[in-house]
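Same order as they appear, the protein sequences are chains V and X. The numbering of the first sequence is my numbering, which starts it at 1 and goes up by one. The numbering of the second sequence is my numbering, which starts it at 117 and goes up by one.
If you're looking for bench data, these hints aren't it; they were derived computationally from the structure. Among the hints, erroneous ones may be present.
Reference listing, derived: stretches of chain X covered by chain V, where coverage requires no fewer than 3 residues with Cβ under 8 Å from a Cβ of chain V [unchecked claim]:
#, region
1, 172-186
2, 189-201
3, 219-225
The calculated lysine-lysine pairs, modelled on BS3-like cross-linking and capped at a C-alpha distance of 30 Å, are [what the hints assert, rightly or not]:
#, chain 1, residue 1, chain 2, residue 2
4, X, 186, X, 172
5, V, 57, V, 15
6, X, 186, V, 15
7, X, 186, X, 142
8, V, 17, V, 57
9, V, 57, X, 142
FRET-style restraints, in silico, Cβ to Cβ [claimed, not checked]:
#, chain 1, residue 1, chain 2, residue 2, range
10, V, 96, X, 174, 32 to 42 Å
11, V, 78, X, 130, 44 to 54 Å
12, X, 200, V, 8, 21 to 31 Å
13, X, 166, V, 30, 15 to 25 Å
14, X, 154, V, 5, 33 to 43 Å
15, V, 53, X, 172, 41 to 51 Å
16, V, 2, X, 200, 18 to 28 Å
17, V, 72, X, 132, 42 to 52 Å
18, X, 140, V, 12, 30 to 40 Å
19, V, 28, X, 130, 20 to 30 Å
20, V, 55, X, 175, 30 to 40 Å
21, V, 68, X, 229, 24 to 34 Å
22, V, 96, X, 144, 33 to 43 Å
23, V, 22, X, 166, 32 to 42 Å
In this text, a Cβ means the ideal position worked out from N, Cα and C, and glycines have one as well.
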Amino acid sequence: GAGVSQSPSNKVTEKGKDVELRCDPISGHTALYWYRQSLGQGLEFLIYFQGNSAPDKSGLPSDRFSAERTGGSVSTLTIQRTQQEDSAVYLCASSADSGFATGELFFGEGSRLTVL
Amino acid sequence: SQQGEEDPQALSIQEGENATMNCSYKTSINNLQWYRQNSGRGLVHLILIRSNEREKHSGRLRVTLDTSKKSSSLLITASRAADTASYFCATDAWTTDSWGKLQFGAGTQVVVTP
């Protein structure tokens with residue numbers, strides 16, 4: 001597709017269940033970002049991929065959160081044993097490799113997670 | 117902690133007026149970007165200004181950057197109801213602590229009334 005695609009768009013789960021959120025970046029974009037946005041708040045950085053490697057995982061809130069990227073393309077964010085405070089919109093973005101500085105990010109529409 | 121902080125948090129203006137919002141940041145940057153978010157949607161890139169630039173224009177948008185004060189401003193001229201959205205600044209620090217991490221502020225919520 002032409003843009004960043006995220007799935008599911010909405011996910012309602014029970015506390016304690018695991019969830020997987022998927023991101024399909026723009027073809028050819030080497031950089032991929034995950035952010036979390038709580039209601040009415042700014043964006044909280046979670047993790048950044050350059051190709052398949054993640055130079056910066058410092059934003060992952062706990063060891064219940066993990067992410068991987070395969071083939072330099074699709075990325076999956078996994079939240080294990082979900083808690084109510086995990087409820088948020090999870091945004092994915094991709095960017096062309098612009099060298100030593102971050103270029104324009106293209107965002108998906110987000111995955112809204114609700115933990116009951 | 118967030119690198120950028122926008123001011124004001126909320127702004128309400130009438131159509132035709134100009135809207136100005138500011139962003140302050142903490143560490144040296146390579147570039148600063150502004151994004152827009154309509155309610156419930158993803159973010160859309162508006163403009164990027166590099167650390168060696170002082171001003172940039174794009175349509176009705178004007179961005180300034182003052183690296184000595186670690187601040188930027190976004191001006192929207194002749195605002196329209198369709199400009200109603202949240203506006204975020206984002207900084208690219210590329211330090212040993214934040215390599216490749218674009219950090220966003222909390223945003224300014226702009227409401228333009230007809």
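In rising order, the numbers of the hints this structure does not comply with: 1, 2, 6, 10, 14, 15, 19, 21 and 22
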